[in-house]
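Participant: Each chain is listed here by its residues.
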Amino acid sequence: MTRFLFVSLPLTGHVNPMAALAAALLRRGHEVLWAGSESFLRPIVGPQARIHPIPLRAHRGQAERGLDATRSRWEGYIVPHARTTRKGIEAAIAEFAPDVMVVDQHAIAGAIAAHAHGLHWVSVAPTTMELTRPFRRGLPRVEAWIAGQMAAAWSAAGRPGEPPHDLRFSPHGVIAFTAGALAGDPEHLPSNVDLVGPSLAGRAPDPDFPFDWLDPGRRHVLVTMGTLSMDIAKDFYQRVDEALAPLGDRLQAIVIAPDRTLAEPAGHVLVRRRAPVLDLMPHLDAVVSHGGLNTVSEALVHGVPLIVAPIKGDQALNAEAVRRAGAGLRVSFDHVRPDGLRAGLLRLLDDPAYAAAARAEGDRLLAGGGAEAAALILEAHHND
Amino acid sequence: MPTPTQSVVAELLREVTGENAEWLAGLGPATRLDGDLFLDSLEVAALGERLAARFGPAVDLAGFVAGLELEALLQLSIADVASYVDGAG
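As they're listed, the protein sequences go chains A and B.
For what it's worth, numbering that gives the first Met the number 0 labels the leading residue of the first sequence as 0, then goes sequentially.
For what it's worth, numbering that gives the first Met the number 0 labels the leading residue of the second sequence as 0, then goes sequentially.
All the pointers check out, no bait thrown in.
EDC-like cross-link-like pairs, simulated, lysine to aspartate or glutamate; straight-line CA separation at most 20 angstroms:
hint	chain 1	residue 1	chain 2	residue 2
1	A	LYS233	B	GLU18
2	A	LYS233	A	ASP333
3	A	LYS233	B	ASP35
4	A	LYS233	A	ASP338
For the record, the hints were derived by calculation from the structure and aren't laboratory data.
Just need the whole structure built from these sequences, with the hints factored in.
Facilitator: As structure tokens, then:
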């Protein structure tokens, strides 16, 4: 039996795969304590999970686009979060005496605390943003700026000198919830990374979703762009609407978006605030997405090709991986016109090579073993 | 009035984004590639190729941006790219 302390950020896409890993560890007879906001974590990790509560602090809003999003991710989110959570993490260590810490790449307070206590720790990468450090090659001064942000957090925690290494990458090991093309160029990966593929936890069914609306005589497309502010999203959804308008004879589309995003959706377009994406996947022939890692992974493991219109962060990397794998197309979120979107969609629907490539890439993701494989790796860490 | 090089940079931006004349008319010397146009890395690479084809291989946009600090990248405008091109070409 091993004691694992989990340190994440209050971001659903980050906590979901870690929650599946924690569940796998519990099934194998280990102990898991989460250090984080109880109000955020509880609905995801379940009523039985142990949580060392750290109050959730409000951070100023993050910029949504471009390098400004990179800057605000670090200055406005990761570094302040490290500052406000470090003492809580230290208290969790004192209470729980963990054997191994499991730390989100962006929860750098967990890395700093592990160093301070001489604990064995493993980084987990729930997104592909930090995995290959893309700025190192194209924009090295941005990478240096990120290193400066981490050094400032290190000093603010009262640690002497510089961080001994990149706080996003534990020297003891890195577990990434991705694999295959999505993990990027193997040459750019850290040498101690394990690529376990997606860690897809089952989700509660959505009894309200009208599955009987789906006409088996037509193809089906899901449009899901993550949580966007309306001013950014509205224009894109309008172009999607125009792209779909003349295709009612051959397809139906489910668009996940706030109410009234589309003024007058056509009869073959269903707009829903939320939808049971995993349950829908077996019915789908194509997905239009912003390229969040979870959505892309879920589509690929179901053999569903994608049109990816990346907005920020790792989405452009994921879009490029999908394109290179032949599992879909990358389009410009800002610049693609309705006719370009429509042509791309019809290519995915008419050429079975895209679905075949999606299936093959999905098989590579599943071969990683997911949460169960990650649990075995963590066990081996403790036995090291 | 935009300089001739600024106009070429704007036109090449229109090409790499697949946009139209109306979009092009909205660009000016102060338009920022990241902050206003949200140009992604692929579009920057495509712009670099077109600049080199137009002005010669000494124009190395990727090398230029690799030397810029975050703040300068956030503010990088059509005028900045044009003045780099004028200096390098």
